[in-house]
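The listed protein sequences derive, respectively, from chains A and B. Heads up: the first sequence at position 15 corresponds to 15 in my numbering, and the numbers run straight through without jumps. Heads up: the second sequence at position 171 corresponds to 171 in my numbering, and the numbers run straight through without jumps.
To be clear, the hints were calculated from the coordinates, so they are not data collected in a lab. Keep in mind that this is a model prediction, so the values were computed, not measured. Possibly wrong hints are sitting among the right ones.
Derived coverage of chain B by chain A (criterion: at least 3 residues anywhere in the stretch with Cβ under 8 Å from a Cβ of chain A; other residues may be distant) [claimed, not checked]:
| id | segment |
| --- | --- |
| 1 | 27 to 40 |
| 2 | 202 to 215 |
| 3 | 221 to 229 |
| 4 | 237 to 247 |
| 5 | 250 to 264 |
C-beta: ideal position from N, C-alpha, C; glycine also.
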Amino acid sequence: MTHLLSARQIRQCLVSSAADRLPLSLRPLACAAWQIKSDRKTHARCRVALGALVNAEMDGKFALCDASVREHLLLCPRCASLYAELLEISLLESLGRLPRPAIFPVPDLSFLEMTDGSSN
Amino acid sequence: MEGLSAQRCREIVLKTLADHGWQLVEEEERFTAEICAEICQRNFTDTRQERLAIQRAVMRHYCVILYAACAGTVLSRQRRAFTELWNYLFPIALYKMHDSQLAQDLTQQALEKIWKRLAQCRDAASFLAWSSMVLLNEIRDWARKRKRLPLASTEVLTETELRHSEDPAQLETQPVLVGSENKVTDQTINADLHQRLLYVIEKCLQDLRQRVIIIESFLNERGYKEIAEQLGLTIGNVHVLRHRALRLLRECHVFIELLGDYFE
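Bound conformation, chain A alone (with noise of 0.2 Å):
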């Protein structure tokens, strides 16, 4: 008789050398579902290559994105909530379906010519 492991134990699993035993294909989605997220340096890149994440969606080029960021995508609902998020953003504007406002308010640019060290 199978002995049924428990979703604790899954977890475990999931976060030691075991999780190796997994096919590639079946780990990122048991990995999702139990919200195992890949290293910090994977989230730190993704964050960065968000923006180009979006574009590359937009553009219908998704597929060829980097694997290990889409993967973390998958993984991280930090990450995926603000992509989602972004993605929505980009999708209403080429739509023109963001509000455009009669007359736009006047951005202060005062911080332009206050260049310090540290800016750029």
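Got chain A sorted already, so can you dock chain B onto it with the hints?
Relative to the frame of chain A, chain B by itself:
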């Protein structure tokens, strides 16, 4: 340029620039020629798709110019660039916040942050998307500090929104569920596992849209936009449905059983 004349392409390029109020292009002829040369290499099924592709190309090419102007040393050009950036970002903030003054404050904060962090933008062609991300982070910070979500957050999914395009019969006719023509990119997946995964997903997820989202995201490696178009949902809805589907899978004994086979 088959189907699309150089003249028509040029008109769309110039109209896109004018519609956005983008005035930083110095060599208009060259700018237009580059975009039209890029577009004519692609095949489009209809003129709408063609127009959208040109608009996207204009945005990418213009982003490079805008980024260079923002990071440049000519103050008048820099001021123009940041004003254009403001005009791009302010409607986004307005859409999210539904409050003009608040939108103005958050856009101003985002603009200053963009200025300070220009070097962190790695891909100039995605400068506007990157800038939008800075703005969205400002909005999120604001919401977090006040412990409330922005009004138009993608986290919010009403039942009315969910009912949209909820016809199961329509979804069942879509080829994605079984025998999708989309390739499974992971070569290691075998047919048995694929079939078993489809079975698990069907058993664990009652909502057909959730099944489609999980299959397309995890087996066919499709992005939110494509899935949203396929299901007639917003991207935010797809995100929330995916989140819920993952939670259901985590609690589903059929899925746990599948994983257990590898761990025991």
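Going through the earlier hints one by one, which of them does the structure break, listed in rising order?
-> 1, 2
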